[in-house]
Amino acid sequence: MSNSQTMSGIPDLRSAQAGTLESGDIMIAVVPGAPGSGIAVQLESIVRAQYGKAIEATIRLTTAQYSASDILIKAVDRGALDCTIRARVMAALCRAGAVSAKEGI
Amino acid sequence: MELRRSLLFIPGNNPAMLQNGGVFEADAVILDLEDAVAPQEKDAARLLVAEALKTVDYGASEKVVRINPLDTFAAEDIITIVPCCPDALLVPKVECAEDITRVAQMVARAEQPGQKPVKLIALLETPRGIAEAYAVAKADPRLVALALGAEDYTASLGAKRTKEGTEIFNARAAVLNSAAAAGIQAIDTPFTDANDPEGLVADTLLAKKLGFKGKLSINPRQISEIHRMFNPTAEEIDWAYRVISAIRRAEAEGSGVASLDGKMVDAPIVNRAERTLYLARILGLAKEGE
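Just so you know, the protein sequences line up as chains U and Y, in that order.
This note's numbering numbers the first residue of the first sequence as 1 and each following residue consecutively.
This note's numbering numbers the first residue of the second sequence as 1 and each following residue consecutively.
None of these hints come from the bench; they were simulated from the model.
Keep in mind that this is a model prediction, so the values were computed, not measured.
Backbone N, C-alpha and C define an ideal beta-carbon position, used for all residues, glycine too.
Careful, some of the hints might be misleading.
Claimed, not checked - Computed list of chain Y residues with no C-beta within reach of chain U, every gap over 10 Å:
| id | residue |
| --- | --- |
| 1 | P15 |
| 2 | Q19 |
| 3 | T55 |
| 4 | A104 |
| 5 | E111 |
| 6 | P141 |
| 7 | N170 |
| 8 | E235 |
| 9 | D238 |
| 10 | D261 |
| 11 | R272 |
To be verified - Okay, the calculated bits of chain U under chain Y, using three or more residues with CB under 8 Å as the criterion:
| id | segment |
| --- | --- |
| 12 | 17 to 25 |
| 13 | 71 to 82 |
| 14 | 88 to 97 |
Pulled out of the complex, with its shape left as it was, chain Y reads as follows (with noise of 0.2 Å):
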């Protein structure tokens, strides 16, 4: 599974921010043709951020574009964007499977010969798009992810926007469950106030602590806490290094049941443990020789 702690917006129409883009070592870039391009900029970004894509060197993020909406620009976003290999596009307020299935169509017919797969992330940010969030998640193989966009959601609601959350717990737990019904992943909304650190601690904890692989960011500032908040602490590396022993040493005697500190260590806890083992493993946090 793709690492996706940090997905980083980098407005389409800048060339100085798209140029450096990957020098903030987000796990993913997202270059944005969407809200951050005032409508009679629309053609000159898609040409811009088409070039970066074929030229910037992105480092190791991965490099995500989110498209315009399917009742605006998508169709001339993905035939230009398409054959310069982004690895994903996002796709705005999608609000059904059938949003999904007629980009992933798009999508096909915009691939080039040879061309590595584009991958799909959908981006729910409607009430009907909470909804009908398990529908989207099933929609089509090239979905990866479901991420939440809370602003747009709770202006339809007519909710006030806070920092605790309270208003979107609903929205948060319907992504959640969705895309954890359908395989894929979680991405939690941004927490858009870049002058307030705390708040974006406490905010990532809990996205983290809800089961969220990841956390859109509006700002390159925000990357090293949402890493630090979503990479696995020593205390649940260490957890996840006892579950595996208990159950080597529970096959090694013989025995289908194995305990850890009094409790019965069935295959959710080793699934979970193995997944911290592997996060460990590929951010090098892991014990040598482990």
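Looking at chain U on its own, in the form it has when it is part of the complex (with noise of 0.2 Å):
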């Protein structure tokens, strides 16, 4: 499936998701958001309490990297490294056709 462009030529997301919810991962879903809602995110962690707020700036920090501007990205956390977040989060990303910056837009 391709995607479309829009004017600013930022690419149309499609929803996606990546990980899965086994010991040590994190399930990354992303949908796309109505322009001008940025980028938020749902985080439910068996570590919230302790780590969630790390946990949600790997998920942005990452996000950044790609052309990405209105999503939500839901995340549920079965204790994930930091490693692992920032590969779902990307899996995540790229196979809703974002792209990353490095690449180019």
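Each chain sits in its own coordinate frame; assemble them with the hints.
Next up, the structure:
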């Protein structure tokens, strides 16, 4: 499925997900948001009280490297390390049609 | 020469196993993007392994990534994985020298300035790959070992895979001889029954006797036994000391010929003794002061 391009050159995104609900993993679902809605993160985690802010920060930092401006990211964490969070966010965004800033928009 | 007694496969799309891969103290961990990953998860596994390479501490284990075959996702794997500094790539289903030269060229293009060169290990697992083993072994200086994958190989032959391994004797011999002729290591096929420790010991001892330098493994529980089998025994170390002593004595006496237990000690014997003592030293098995 190819993506259509918006007037700004940022591709329209589609819903996508990556990761699993197994221990040590995190499931990331990306859902396109309304124009101007920004990047929203919904986090469910077994360690939310201790690490919720850090997990969300990692999700947002990783997302900032992609051409994604109006999306909802739903994350269900099962104790994933930072490297797993980054990898799953990247995979979900790529599957959604986002382009890495390194590749150019 | 690198120590590669055990090379442990770790599924490339399993975060829990990837992050714990270093605790088993295998000589190498193989982060697997091929058989352990479903086709629809190749993209996610590739990113996960890339991030693991950058952040997970695998201790003294050599970091190897099994990429996908050249006719599927090898190019994407190489572009993403090589800049993350693996020590080596395990290239599956290698069938000819050109397969290795193509991978070597792709790796060279993907390496970053100043990066330690990425080595290659060729996995021979088809009848054609076995037939071309020597050409493969000589294909590129990045290649440090030939490994045998006997499950696919015997399936191609139409032979039943047995624990005795009679059906893979030809393949083992071809891999061993080709690797030795090219001056690289030969790595044996995995012993796939994780619940048969006696079978593992017998299979690993056979591999060592034949000349393999290590063994692929699919289960962390196999690592310590594989190491025990490939480590030089006290008897072998003692023999090696005696060989070196005999050579030194002969040299001190101005004789060009040494003998031990009534047998001539020639260069191949000395080489084997030196390798045994080298292994004993790096594994902490050598006598103090030697």
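Comparing the hints with the structure gives:
Against chain U, the non-interface label of P15 (chain Y) is violated: not every CB pair exceeds 10 Å, the least being about 4 Å. Remark: the non-interface label on Q19 (chain Y) conflicts with the geometry, its nearest Cβ contact in chain U lying 6 Å away (cut-off 10 Å). Consistency note on T55 (chain Y): stated as away from chain U, yet its beta-carbon is not over 10 Å from all of that chain's, at 4 Å minimum. The Cβ of A104 (chain Y) sits about 25 Å from the closest Cβ of chain U, beyond the 10 Å cut-off, so the non-interface label holds.
Separation of E111 (chain Y) from chain U is adequate, the least Cβ-Cβ distance of about 17 Å exceeding the 10 Å criterion. The beta carbon of P141 (chain Y) sits about 31 Å from the closest Cβ of chain U, which is more than 10 Å, so the claim that it is off the interface holds. Distance check on N170 (chain Y): its Cβ is at least 41 Å (rounded) from any Cβ of chain U, clearing the 10 Å threshold; non-interface status holds. With a minimum CB-CB distance of about 44 Å to chain U, E235 (chain Y) clears the 10 Å threshold, and the non-interface call stands.
At the 10 Å boundary, the C-beta of D238 (chain Y) stays outside the reach of chain U, the nearest C-beta of that chain being 46 Å off. With a cut of 10 Å on Cβ distances, D261 (chain Y) stays outside the contact zone with chain U, its closest approach being about 56 Å. Non-interface status of R272 (chain Y) relative to chain U is upheld: no Cβ of that chain comes within 10 Å, the nearest being about 43 Å off. With a cut-off of 8 Å between beta carbons, the segment 17 to 25 of chain U has 6 residues touching chain Y; three or more are needed, and the interface restraint holds.
Coverage of the segment 71 to 82 of chain U by chain Y holds. Counting CB-CB distances below 8 Å, 3 residues qualify, and the rule asks for three or more. Counting residues of the segment 88 to 97 of chain U whose C-beta lies closer than 8 Å to any C-beta of chain Y gives 5; at least three are required, and the coverage claim holds.
When held up to the earlier numbered hints, the structure conflicts with 1, 2 and 3 and fits the remainder.
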